[in-house]
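The listed protein sequences derive, respectively, from chains A and B. In this text, residue positions in the first sequence follow this note's numbering: the first is 1, and each later residue adds one. In this text, residue positions in the second sequence follow this note's numbering: the first is 1, and each later residue adds one.
I should point out that these hints are in silico values taken from the structure, not numbers from a laboratory. Watch out, some of these pointers could steer you wrong.
Unchecked claim - Straight-line C-alpha distance at most 25 Å; calculated DSS-like pairs for lysine-lysine: (1) B:Lys71 / B:Lys1; (2) A:Lys57 / A:Lys17; (3) A:Lys57 / B:Lys1; (4) B:Lys105 / A:Lys57; (5) A:Lys69 / A:Lys57.
What the hints assert, rightly or not - Simulated coverage check for chain B against chain A, where a stretch passes if three residues somewhere in it have a Cβ under 8 Å from a Cβ of chain A: (6) 41-51; (7) 58-68.
All C-beta atoms, glycine included, are put in the ideal place defined by N, C-alpha and C.
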Amino acid sequence: EAQVTQNPRYLITVTGKKLTVTCSQNMNHEYMSWYRQDPGLGLRQIYYSMNVEVTDKGDVPEGYKVSRKEKRNFPLILESPSPNQTSLYFCASSPQGYYGYTFGSGTRLTVV
Amino acid sequence: KNQVEQSPQSLIILEGKNCTLQCNYTVSPFSNLRWYKQDTGRGPVSLTIMTFSENTKSNGRYTATLDADTKQSSLHITASQLSDSASYICVVSGPPGNTPLVFGKGTRLSVIA
Numbered sequence: 001e002a003q004v005t006q007n008p009r010y011l012i013t014v015t016g017k018k019l020t021v022t023c024s025q026n027m028n029h030e031y032m033s034w035y036r037q038d039p040g041l042g043l044r045q046i047y048y049s050m051n052v053e054v055t056d057k058g059d060v061p062e063g064y065k066v067s068r069k070e071k072r073n074f075p076l077i078l079e080s081p082s083p084n085q086t087s088l089y090f091c092a093s094s095p096q097g098y099y100g101y102t103f104g105s106g107t108r109l110t111v112v
Numbered sequence: 001k002n003q004v005e006q007s008p009q010s011l012i013i014l015e016g017k018n019c020t021l022q023c024n025y026t027v028s029p030f031s032n033l034r035w036y037k038q039d040t041g042r043g044p045v046s047l048t049i050m051t052f053s054e055n056t057k058s059n060g061r062y063t064a065t066l067d068a069d070t071k072q073s074s075l076h077i078t079a080s081q082l083s084d085s086a087s088y089i090c091v092v093s094g095p096p097g098n099t100p101l102v103f104g105k106g107t108r109l110s111v112i113a
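Go ahead and model the full structure; you've got the sequences and the hints to work with.
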């Protein structure tokens, strides 16, 4: 089944403790992206990747890192999480960045 | 500035009734417009996608329209069901290598019995 898999689905952590949210897609898509979704603000892009070893900042990249060493994986790294990064996070992939996105099921992160 | 505005912000309708959601955009150049359905706490799922030359596209009880001249789109839901309760998000994209996706903030639809 074609899908984008995120893990974990839920995560509670403490301020400053590094964490990684994984994202994997099995559709051989070039384009992958991370979004956060907060009440009243809609989906905002954090980082995106056009292909392996190619990443770029989205609208709200501060406090996040990503890597794209393989085509299928696009992990989101929070080196020193803060409470303002408490949010619902989505990973998405697309064969090309402007067409046909598939979203993961989301990761609800709480930083206390 | 590239923007996507959706209205209304929220809507409550009775089961079986029809409704129409609106999306206005200023994204230019334009490549395509998508409507997504997002259940609470879940990832958005694509309903329709339309390019510049398409002005109507249907997916079951969902019908999307696009007027590229006025930069407006609508999503019409026919004979609503309780399972239609969700947020509906309009997303506009420019051509490859151009503007990344621009998301609307969504319309929260509640269908009640």
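Verification of the supplied hints:
1. The suggested pairing of Lys71 (chain B) with Lys1 (chain B) holds, with an alpha-carbon distance near 14 Å, which does not exceed 25 Å.
2. With a CA separation close to 23 Å, the supplied pair Lys57 (chain A) and Lys17 (chain A) stays within the 25 Å bound.
3. Of the pairs offered as hints, the one joining Lys57 (chain A) and Lys1 (chain B) holds, with about 18 Å between alpha carbons and a cut-off of 25 Å not exceeded.
4. As the CA atoms of Lys105 (chain B) and Lys57 (chain A) are separated by approximately 20 Å, the hinted pair is consistent with the 25 Å bound.
5. For the proposed pair Lys69 (chain A) and Lys57 (chain A), the alpha carbon gap of about 17 Å is at most 25 Å, so the pair holds.
6. Remark: the stretch 41-51 of chain B is confirmed as covered by chain A, as 7 of its residues place a Cβ nearer than 8 Å to a Cβ of that chain, reaching the required three.
7. Residue count for the stretch 58-68 of chain B with a Cβ under 8 Å from a Cβ of chain A: 0. That is fewer than the three needed, and the coverage hint is violated.
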